[in-house]
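**Q** Here is how the chains run, residue by residue.
2 protein chains.
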Amino acid sequence: MELLDFPRFKVSCQNCSLAELCLPHGLNSEELKRLDAAMRRSRPLHKGDCLFRPGDPASSLYAVRSGSVKLFETLNDGDQQIIGFYLPGEILGLDGIETGVHRCTAVALETSSACAVPFPELKAICRQIPSLQEQMLRLFSRELSSEHELLLTLTKRTAEERVATFLASLSTRFQRIGYSPNEFKLSMSREEIGSYLGLTIETVSRVFSRLRDKGMIALNRRLVTIRDSARLRALGNGCAPIDPPRQAALR
Amino acid sequence: MELLDFPRFKVSCQNCSLAELCLPHGLNSEELKRLDAAMRRSRPLHKGDCLFRPGDPASSLYAVRSGSVKLFETLNDGDQQIIGFYLPGEILGLDGIETGVHRCTAVALETSSACAVPFPELKAICRQIPSLQEQMLRLFSRELSSEHELLLTLTKRTAEERVATFLASLSTRFQRIGYSPNEFKLSMSREEIGSYLGLTIETVSRVFSRLRDKGMIALNRRLVTIRDSARLRALGNGCAPIDPPRQAALR
DNA sequence: CGCGTCGTTGAAGCCGCTCAATAGATGTGG
DNA sequence: CCACATCTATTGAGCGGCTTCAACGACGCG
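Protein chains in written order, with the numbering used here: chain A, 246 to 496; chain B, 246 to 496.
Please note that the accuracy of each hint is not assured.
Copies of the same chain are indistinguishable here, so a pair counts whether it falls within one copy or spans any two.
To be verified - Computed cross-link-like contacts, EDC-like style, restricted to lysine to aspartate or glutamate with a CA-CA straight-line distance of at most 16 Å:
hint, residue 1, residue 2
1, Lys430, Glu355
2, Lys368, Glu276
3, Lys292, Glu437
4, Lys278, Glu394
5, Lys278, Glu366
6, Lys459, Glu405
7, Lys278, Glu436
8, Lys459, Asp322
9, Lys401, Glu436
10, Lys401, Asp324
11, Lys401, Glu437
12, Lys292, Glu366
For the record, the hints were derived by calculation from the structure and aren't laboratory data.
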């Protein structure tokens with residue numbers, strides 16, 4: 246694991262295909278330039294490279310540009326509690342703002358790249374560009390919502406439902422960034438999936454095999470092919486939150 | 246469950262004992278007045294009254310002023326997934342910003358009161374008062390951190406460890422707002438605790454009894470007395486995150 | 001080829017769940 | 001004021017899903 250600096254490369258949000266999913270969402274070209282001026286791009290991250298680790302000052306917000314990143318806490322018994330996996334266009338670094346110091350570690354799961362915006366600049370720009378301020382709030386809110394979804398998975402769902410939910414989520418997110426929703430390579434190990442879902446590595450492996458035997462997926466090591474997306478999603482949504490009504494419920 | 250309006254009462258953050266824990270943290274008296282002008286206080290909430298429910302526009306940030314509030318999602322099978330419990334000085338309403346509509350319900354667990362800041366005003370003030378902007382970021386970040394802590398509880402800890410963690414957390418939070426850390430009344434039912442911790446009501450009850458038999462707590466219905474705080478916390482921290490080092494780890 | 005890592009599969013055990021009965025607290029109406 | 005219903009909490013018995021422990025196979029890399 247190696248720490249990286251973020252020199253200014255000549256890459257801009259303006260020609261980034263992920264811009265609409267990412268921080269720049271909703272900005273006009275004038276505002277985009279302002280954000281771009283503060284943005285730093287990392288040189289390529291190799292597998293195992295750190296974006297940040299415990300004790301680092303929480304100085305920047307990071308956006309994954311390519312590849313994937315895992316976020317985890319290290320426990321006193323030495324092993325990792327995975328908090329989340331981040332794909333291109335997804336944002337991390339929001340935690341640790343409170344104390345100013347990171348508690349978590351963010352590590353590239355494969356060859357990846359990321360963008361960083363230093364908080365001082367980001368805060369200053371947010372004060373001047375309301376739509377960026379809005380987008381920041383949305384991103385925070387989305388992060389909270391996805392953690393609520395994970396809570397639900399951990400408290401109410403069985404091992405099979407958890408893994409199904411996990412695969413369905415990956416499928417949706419790959420599709421959003423233009424990859425195939427039905428065939429993708431997992432960049433994380435069974436152990437990392439298990440940590441994330443509150444299961445042991447053996448259970449994850451067994452459940453994968455069971456989903457394969459039921460014809461929902463095909464497996465070749467880390468390559469996953471979704472054969473029956475509908476059934477997979479139905480399995481994961483055994484206990485889903487109800488959709489909020491259009492208006493406040495009447496009584 | 247009944248919805249409430251938030252008329253302007255003559256109560257201000259300036260003479261609120263919770264100000265330092267709450268949104269106004271770090272503001273000078275000039276800035277405080279500005280925030281106060283936007284702030285609305287609710288008339289007393291009775292047990293079961295809603296701050297918001299699914300489908301309501303996510304229009305305000307809420308701060309609990311007295312009493313306690315539970316936040317939950319409603320599942321398609323009808324029961325609730327508790328997301329969190331909020332005590333005086335704690336903030337809720339951050340979720341739902343992304344879509345503009347609440348997915349969760351916030352309900353008073355006992356006679357309570359709350360303050361509300363409409364988002365449009367809040368955003369405008371944040372642009373003008375950097376220290377309020379900072380505090381908003383800190384609150385968001387704190388919310389994320391506490392959810393990470395909950396993830397850890399759900400994935401790695403046993404029933405006994407979960408309940409111990411829960412009681413220790415309540416103890417700390419009661420102390421922070423000037424209540425006794427060693428004797429408090431639970432405003433939530435065993436079922437609500439179970440939902441929050443991913444356990445059944447029977448398991449929660451059994452664990453309470455076991456902690457009592459071990460001499461760590463005393464129980465009288467919902468009145469909890471902590472008899473051995475150190476042992477209780479040690480039990481909960483069986484697998485805690487390591488404290489981040491002062492500086493970045495060297496390699 | 002040998003070694004280490006990662007993933008799969010099997011067997012046994014345990015923790016928490018399910019089902020069930022009971023008691024205590026609270027509220028209601030006669 | 002008491003009988004009764006209802007809700008919450010406690011406790012027991014049995015079961016099942018996931019974990020633990022263990023062995024083995026499949027790659028990848030030196």
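**Q** Does each hint fit the structure? Answer for all of them.
**A** Taking the hints in turn, this is what the structure says about them:
no. : hint               : result
1   : Lys430 with Glu355 : within (11 Å within a copy, 50 Å between copies)
2   : Lys368 with Glu276 : within (14 Å within a copy, 18 Å between copies)
3   : Lys292 with Glu437 : within (14 Å within a copy, 42 Å between copies)
4   : Lys278 with Glu394 : neither (35 Å within a copy, 38 Å between copies)
5   : Lys278 with Glu366 : within (13 Å within a copy, 27 Å between copies)
6   : Lys459 with Glu405 : within (12 Å within a copy, 36 Å between copies)
7   : Lys278 with Glu436 : neither (42 Å within a copy, 52 Å between copies)
8   : Lys459 with Asp322 : neither (37 Å within a copy, 25 Å between copies)
9   : Lys401 with Glu436 : between (21 Å within a copy, 14 Å between copies)
10  : Lys401 with Asp324 : between (25 Å within a copy, 11 Å between copies)
11  : Lys401 with Glu437 : between (20 Å within a copy, 13 Å between copies)
12  : Lys292 with Glu366 : neither (29 Å within a copy, 44 Å between copies)
Hint compliance for this structure: hints 4, 7, 8 and 12 are not met, and every other hint is.
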